[in-house]
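J.: Take a look at the letters that make up each chain.
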Amino acid sequence: MPMIGFGSNSEMLDGFSSVPSFDLPRTTDFDGFQKEAVQMVKPAKGTTTLAFIFKGGVMVAADSRASMGGYISSQSVKKIIEINPYMLGTMAGGAADCQFWHRNLGIKCRLHELANKRRISVSGASKLLANMLYSYRGMGLSVGTMIAGWDETGPGLYYVDNEGGRLKGDRFSVGSGSPYAYGVLDSGYKFDMSVEEASELARRSIYHATFRDGASGGVASVYHVGPKGWTKLSGDDVGELHYHYYPVAPATAEHEMVEAAE
Amino acid sequence: MTKQHANWSPYDNNGGTCVAIAGSDYCVIAADTRMSTGYSILSRDYSKIHKLADKAVLSSSGFQADVKALQKVLKSRHLIYQHQHNKQMSCPAMAQLLSNTLYFKRFFPYYAFNVLGGLDEEGKGCVFTYDAVGSYEKVGYSAQGSGSTLIMPFLDNQLKSPSPLLLPKQDSITPLSESEAVDLVKTVFASATERDIYTGDKLEIMILKADGIKTEVMELRKD
Chain A
1 MPMIGFGSNS
11 EMLDGFSSVP
21 SFDLPRTTDF
31 DGFQKEAVQM
41 VKPAKGTTTL
51 AFIFKGGVMV
61 AADSRASMGG
71 YISSQSVKKI
81 IEINPYMLGT
91 MAGGAADCQF
101 WHRNLGIKCR
111 LHELANKRRI
121 SVSGASKLLA
131 NMLYSYRGMG
141 LSVGTMIAGW
151 DETGPGLYYV
161 DNEGGRLKGD
171 RFSVGSGSPY
181 AYGVLDSGYK
191 FDMSVEEASE
201 LARRSIYHAT
211 FRDGASGGVA
221 SVYHVGPKGW
231 TKLSGDDVGE
241 LHYHYYPVAP
251 ATAEHEMVEA
261 AE
Chain B
1001 MTKQHANWSP
1011 YDNNGGTCVA
1021 IAGSDYCVIA
1031 ADTRMSTGYS
1041 ILSRDYSKIH
1051 KLADKAVLSS
1061 SGFQADVKAL
1071 QKVLKSRHLI
1081 YQHQHNKQMS
1091 CPAMAQLLSN
1101 TLYFKRFFPY
1111 YAFNVLGGLD
1121 EEGKGCVFTY
1131 DAVGSYEKVG
1141 YSAQGSGSTL
1151 IMPFLDNQLK
1161 SPSPLLLPKQ
1171 DSITPLSESE
1181 AVDLVKTVFA
1191 SATERDIYTG
1201 DKLEIMILKA
1211 DGIKTEVMEL
1221 RKD
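In order, the protein sequence lines correspond to chains A and B.
Mapping to my numbering: the first sequence position 36 is 36, numbers consecutive.
Mapping to my numbering: the second sequence position 40 is 1040, numbers consecutive.
No lab work stands behind these hints, which were simulated from the structure alone.
Do not rely on the hints blindly, as some may be mistaken.
[Stated by the list, open to error] List time: in silico DSS-like cross-link candidates among lysine-lysine, alpha-carbon distance up to 30 angstroms:
id : chain 1 : residue 1 : chain 2 : residue 2
1  : A       : Lys-127   : B       : Lys-1105
2  : B       : Lys-1202  : A       : Lys-78
3  : B       : Lys-1169  : B       : Lys-1138
4  : B       : Lys-1138  : B       : Lys-1202
5  : B       : Lys-1169  : A       : Lys-45
6  : B       : Lys-1222  : A       : Lys-78
7  : B       : Lys-1124  : B       : Lys-1072
8  : B       : Lys-1202  : A       : Lys-108
9  : B       : Lys-1138  : A       : Lys-108
10 : B       : Lys-1003  : A       : Lys-45
11 : A       : Lys-108   : B       : Lys-1003
12 : B       : Lys-1222  : B       : Lys-1051
13 : A       : Lys-228   : A       : Lys-55
14 : A       : Lys-232   : B       : Lys-1003
15 : A       : Lys-78    : B       : Lys-1209
16 : A       : Lys-78    : A       : Lys-232
17 : B       : Lys-1160  : A       : Lys-78
18 : B       : Lys-1222  : B       : Lys-1068
19 : A       : Lys-228   : B       : Lys-1202
20 : B       : Lys-1209  : A       : Lys-108
21 : A       : Lys-108   : A       : Lys-45
22 : B       : Lys-1051  : A       : Lys-78
23 : A       : Lys-127   : A       : Lys-55
24 : B       : Lys-1169  : B       : Lys-1105
25 : A       : Lys-232   : B       : Lys-1051
26 : B       : Lys-1075  : A       : Lys-78
27 : B       : Lys-1138  : B       : Lys-1051
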């Protein structure tokens, strides 16, 4: 999850501090109980999520680990949220914030459909979310999400965060494992990929991020969004994926067993 | 002039541990009965398990005053639901209600670490685990509270269920029988009591099945 502006607060200086002092560090200066409240929120910025547009639609993938400090609180978090049958959202940042606001977005999208007799566009849905988050700006929400979907204009992908920022693009990765995911994703990306090639690229990118980033792990889920909506393509335990990509050579194992028997 | 800090906190941690395990046709919810504040024990006989509906039982550790307030809200919402729909709330429905209730106090949270256990619409056991502000997921088993870091690794070892995210889909329910699950819970609390000062005194176990709820109590170390 991008660290831009996350949790930073400048110190409040009043007119009395004219006495020159040394540089004081910027602190997150909350009241005592507010600080406790912030710490209680389950942070899930230890994450790797990615999404990209290609010839066949949008590919969305994520890991499933949630960490509270150094403790792994869950290995099975659903970080790809199904807003409606043709739109997906990814979760990075505060788990409750992402879950709640995506659920809320799903409701708003449905109301839009009922009021306007047509589906909402990806652009519209992401704008609804961005505006909602903007109105809570500075209050400590932590959301770094990608809205992926298929509407009348074709595949759509937007990045939305808790600052109210909203970016249109065709390749994004969010979370602590994103640098590793970008490395694999950017080097293997071609617009003209088949769905199988694209899903394999997405899965490999998540796997490599979980390999190098301690805060990412669990199950690598891959979803595809096409003209008829989204489908879940795969969900693989990254521990097993490791041996799938790097199988142990059998000869070496036999050798070790012979040595151990002696 | 640095910002002034409050000299009191509205929160307190009363300690304790809660565990729930889902089975094929049962659900076991257990919690110790010790209520503490700092290094003092307030009560050796305080129940942390509360029945919300016929098929949904909540167990919460953390700040018990917030837990009480949370229960009041859920109880009244359940009553309204019963009046409007002429039936009891199902466990998955209660799970989402709890999530929304917690999130509505996102900026002044309930200091409650919840585990919701019950039976789903098909009669299979289900356990939902929460954080303080409402993020939740359906799991096969969970531990929350002061002893959770001691208990979870052991439950992972004994009950490790396939992740619900795997494809092809695999069941996250434990294949254990009801008596095996209850024995496991007793073992787990006995061990947690040894190493966690906030867990002990008595263990209260509720076993939820289609035909009703059974309660069992076991003594734990009181030191």
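J.: The structure should be examined with respect to each hint, and the outcome stated for every one.
T.: Status of each hint after checking the structure:
no.: 1; hint: Lys-127(A) to Lys-1105(B); result: holds, 25 angstroms
no.: 2; hint: Lys-1202(B) to Lys-78(A); result: violated, 35 angstroms
no.: 3; hint: Lys-1169(B) to Lys-1138(B); result: holds, 14 angstroms
no.: 4; hint: Lys-1138(B) to Lys-1202(B); result: holds, 27 angstroms
no.: 5; hint: Lys-1169(B) to Lys-45(A); result: holds, 26 angstroms
no.: 6; hint: Lys-1222(B) to Lys-78(A); result: violated, 40 angstroms
no.: 7; hint: Lys-1124(B) to Lys-1072(B); result: holds, 27 angstroms
no.: 8; hint: Lys-1202(B) to Lys-108(A); result: violated, 47 angstroms
no.: 9; hint: Lys-1138(B) to Lys-108(A); result: holds, 25 angstroms
no.: 10; hint: Lys-1003(B) to Lys-45(A); result: holds, 28 angstroms
no.: 11; hint: Lys-108(A) to Lys-1003(B); result: violated, 40 angstroms
no.: 12; hint: Lys-1222(B) to Lys-1051(B); result: holds, 26 angstroms
no.: 13; hint: Lys-228(A) to Lys-55(A); result: holds, 15 angstroms
no.: 14; hint: Lys-232(A) to Lys-1003(B); result: violated, 50 angstroms
no.: 15; hint: Lys-78(A) to Lys-1209(B); result: holds, 28 angstroms
no.: 16; hint: Lys-78(A) to Lys-232(A); result: holds, 12 angstroms
no.: 17; hint: Lys-1160(B) to Lys-78(A); result: holds, 18 angstroms
no.: 18; hint: Lys-1222(B) to Lys-1068(B); result: holds, 25 angstroms
no.: 19; hint: Lys-228(A) to Lys-1202(B); result: violated, 55 angstroms
no.: 20; hint: Lys-1209(B) to Lys-108(A); result: violated, 38 angstroms
no.: 21; hint: Lys-108(A) to Lys-45(A); result: holds, 26 angstroms
no.: 22; hint: Lys-1051(B) to Lys-78(A); result: holds, 27 angstroms
no.: 23; hint: Lys-127(A) to Lys-55(A); result: holds, 25 angstroms
no.: 24; hint: Lys-1169(B) to Lys-1105(B); result: violated, 34 angstroms
no.: 25; hint: Lys-232(A) to Lys-1051(B); result: violated, 36 angstroms
no.: 26; hint: Lys-1075(B) to Lys-78(A); result: holds, 28 angstroms
no.: 27; hint: Lys-1138(B) to Lys-1051(B); result: holds, 18 angstroms
Consistency note: the structure conflicts with the earlier hints numbered 2, 6, 8, 11, 14, 19, 20, 24, 25.
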